[in-house]
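Q: Spelled out from the first residue to the last, the chains are:
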Amino acid sequence: MAASRKTKDSVIRIAFLVTALSSIVALGLIMLYLFIEGLPIFEHVSVTDFLFGHLWYPTSDPPEFGIFPLIVASVAVTLVSSALAIPLGVMTAIYLAEIAGPKTRGFFKPVVELLAALPSVVIGFFGMVVVAPFLQDTFDLATGLNLFNAALMLAFMSVPTICSVSEDAIYSVPAELKEASLALGATHWETISRVIIPASLSGISTAIILGMSRAIGETMVVLMVAGGAAMIPNSLFSPVRPMPSSIAAEMAEAPFRGDHYYALFAIGIVLFLFTLLFNIIADHIAEKHKQVGAATL
Amino acid sequence: MKKLAALVATFLLVASSAFADTTVKVDGSTTVLPIMQKMVEVYMKANPSVKFTVSGGGSGNGIKAIIDGTTDIAMASRKMKDKEIALAKEKGVAAKEIVISIDAIIPVVNPANKVSGATIEQLKDLYAGKITEWKALGGEGPVVVISRDTSSGTYESWEELVMKGEKVFPGALLQASSGAVVQAVSKNKNAIGYVGVGYLDASTKPLTVNGIVGNDETAASGKYPIARDLYLYTNGEPKGEIKKFVDWALGAEGQKLVKEAGFVPLKK
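Protein chains in written order, with this note's numbering: chain A, -11 to 285; chain B, 510 to 777.
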């Protein structure tokens, strides 16, 4: 009897181990494939020419594979969208966790999280048919499909992530800290700004970086509203072409295992390295400023 | 073990029955690809014994494949070059040219735009980034140039027939489909785009090119300048299943699909 119970236990343990491993294996295989399909381009183009070349004419004769404008576009769109999304997301989180009553919180939190459930193509379509003409008319622009529009739409998408993760962090600040601060005579605002926020800073930073990596990897929205001009933007309202939109637009018809195909996978590698970097930073911050008990402040 | 053997036997049976069918390989131009995909889909439903594998590696690759004998039908958006014909002869391949449809691309602007026509040279300058104000063509406001992703067949045709060796400037906006070009042009009064003749509707205004209206008739007669024939090449006169397919493609049913794919059907 005891033996069969032990067997059962170990079978279950192995089953869970396999389940856990499957996602790691899947990720490993995808990475492997990405590198196998992306690296051959560097036999024809040097890494420097690829990363810092200014011209992207993959199908011309001779082809040009310079993705610098694409990298700049991705970074610019991500930065502008963060500038919009971080204050919105963090301030909403503070309001929900600290100021709003339980009823308001119970209403607002699901609504904010619902925003994350909107399919990106819907947000993209909204940007294309509503926001673009509005921007064009209001600011008298040549086109409403531009960096700012894309950043605005991406901000919509990263606010829920930033808000929900940082709200959890703020909410989990131990009550003793807050009570101690209030007992010392600090006002509610002083408590929030001097005690609560510093105590939850690591959680907030993680939230911000997760939101940013969502923005840099987003494809559909930037494909639809960023405009798609492969040149370095000279204003907030220039049309740009971030990396994911080039991959999405061109992959379907790039000749299988041709140079263009390899180049698109190589863009994928660059994109992967960007998001990997973001995740490592997020992990590092979370680890370094880990809240251990109530005594670390 | 028995079960496994049975499984293997079934698999072999299925595999061998698949080999019994005729397989026709089609390779070549990405411009012709959407027509071919539509045709093959309909044709295979009616003739389940014939299997088609269609891939789009570009006109050059398709023609190379027919010369090397690695494909049965090559799709091409240009005629075979003299060098290719000579090479084919050397290998004992007499490539047979079949015109399958006509590709006509129409420049479109927003209906609010006063400009109603342009010359090929003006279109080229617009897409090269040399004309940046509509004033040069009698309109007003800045020009917003909308182009297709470089992999698309429409882009390829535009580059060949309008740009003639020059490159579309990097400031051109990219849209990933003809539908998206129509959408973007209809929403922006400064925009100019180009689409296949099948995509024209009331939301955009087609421009005349060198004074000629682009439609099925002017494209088929060769008057409209941004049009070209699309070809299929076979090894010698088409025979057997290939002949059946080609005849069907050139017939009423096949040409209807040409129109559905946004291209100009052949005049009968």
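FYI, nobody ran anything at the bench for these hints, they're computed from the structure.
Idealized CB from N, CA, C, for every residue including glycine.
Do not rely on the hints blindly, as some may be mistaken.
[Said to hold, decoys possible] Across the chosen pairs, the derived CB separations fall in these ranges:
| no. | chain 1 | residue 1 | chain 2 | residue 2 | range |
| --- | --- | --- | --- | --- | --- |
| 1 | B | LYS753 | A | PHE122 | 51 to 57 Å |
| 2 | B | LYS547 | A | TYR159 | 53 to 59 Å |
| 3 | A | ASP271 | B | LYS547 | 48 to 54 Å |
| 4 | B | GLU669 | A | MET19 | 35 to 41 Å |
| 5 | B | GLY760 | A | LEU106 | 44 to 50 Å |
| 6 | B | VAL722 | A | PRO75 | 41 to 47 Å |
| 7 | A | ILE220 | B | GLY601 | 32 to 38 Å |
| 8 | B | GLY674 | A | GLU275 | 53 to 59 Å |
| 9 | B | ALA711 | A | ASP49 | 45 to 51 Å |
| 10 | A | LEU67 | B | ALA637 | 52 to 58 Å |
| 11 | B | GLU675 | A | TYR159 | 48 to 54 Å |
| 12 | B | ALA711 | A | ASP125 | 50 to 56 Å |
| 13 | A | ILE220 | B | VAL722 | 46 to 52 Å |
[Claimed, not checked] Just a few of them, taken from the derived set where beta-carbon distance is under 7 Å, the chain A residues facing chain B:
| no. | residue |
| --- | --- |
| 14 | PRO162 |
| 15 | ALA163 |
| 16 | PRO227 |
[What the hints assert, rightly or not] A short list of chain A residues far from chain B (calculated; beta carbon distances all over 12 Å):
| no. | residue |
| --- | --- |
| 17 | ILE220 |
| 18 | PHE262 |
| 19 | ILE268 |
| 20 | ILE273 |
Q: Give a verdict on every hint.
A: To see whether the hints hold, each was checked on the structure:
Checked against the hint of 51 to 57 Å, the C-beta distance between LYS753 (chain B) and PHE122 (chain A) comes to roughly 55 Å, which is consistent with it. For the pair LYS547 (chain B) and TYR159 (chain A), the beta carbons lie near 56 Å from each other, so the given range of 53 to 59 Å is met. Checked against the hint of 48 to 54 Å, the C-beta distance between ASP271 (chain A) and LYS547 (chain B) comes to roughly 49 Å, which is consistent with it. Distance hint check: the CB atoms of GLU669 (chain B) and MET19 (chain A) are about 39 Å apart, consistent with the given range 35 to 41 Å.
For the pair GLY760 (chain B) and LEU106 (chain A), the beta carbons lie near 47 Å from each other, so the given range of 44 to 50 Å is met. Taking 41 to 47 Å as the suggested C-beta distance range, the pair VAL722 (chain B) and PRO75 (chain A) does not conform, at roughly 54 Å. In this structure the hint that ILE220 (chain A) and GLY601 (chain B) lie 32 to 38 Å apart at CB is violated, the actual value being about 53 Å. Distance hint check: the CB atoms of GLY674 (chain B) and GLU275 (chain A) are about 56 Å apart, consistent with the given range 53 to 59 Å.
In this structure the supplied range 45 to 51 Å is violated for ALA711 (chain B) paired with ASP49 (chain A), their Cβ-Cβ distance being about 38 Å. In this structure, LEU67 (chain A) and ALA637 (chain B) break the distance hint of 52 to 58 Å, their C-beta atoms being roughly 31 Å apart. At roughly 60 Å, the beta carbons of GLU675 (chain B) and TYR159 (chain A) sit outside the given window of 48 to 54 Å. At roughly 22 Å, the beta carbons of ALA711 (chain B) and ASP125 (chain A) sit outside the given window of 50 to 56 Å.
For the pair ILE220 (chain A) and VAL722 (chain B), the supplied restraint of 46 to 52 Å is violated, since their beta-carbon distance comes to about 39 Å. About 51 Å separates the beta-carbon of PRO162 (chain A) from the nearest beta-carbon of chain B, more than 7 Å, and the hint is not met. Because the smallest distance between the Cβ of ALA163 (chain A) and any Cβ of chain B comes to about 52 Å, over 7 Å, the interface hint for this residue is violated. Restraint check, PRO227 (chain A) versus chain B: the minimum CB separation of about 5 Å is within 7 Å; hint holds.
Listed as outside the interface, ILE220 (chain A) is inconsistent with that label: its C-beta sits roughly 9 Å from the nearest C-beta of chain B, within the 12 Å cut-off. PHE262 (chain A), annotated as away from the interface, keeps every beta carbon of chain B farther than 12 Å; the closest lies near 21 Å. Chain B leaves ILE268 (chain A) outside its interface by the beta-carbon criterion, the shortest separation being 32 Å against a cut-off of 12 Å. Listed as outside the interface, ILE273 (chain A) is consistent with that label: its C-beta sits roughly 36 Å from the nearest C-beta of chain B, beyond the 12 Å cut-off.
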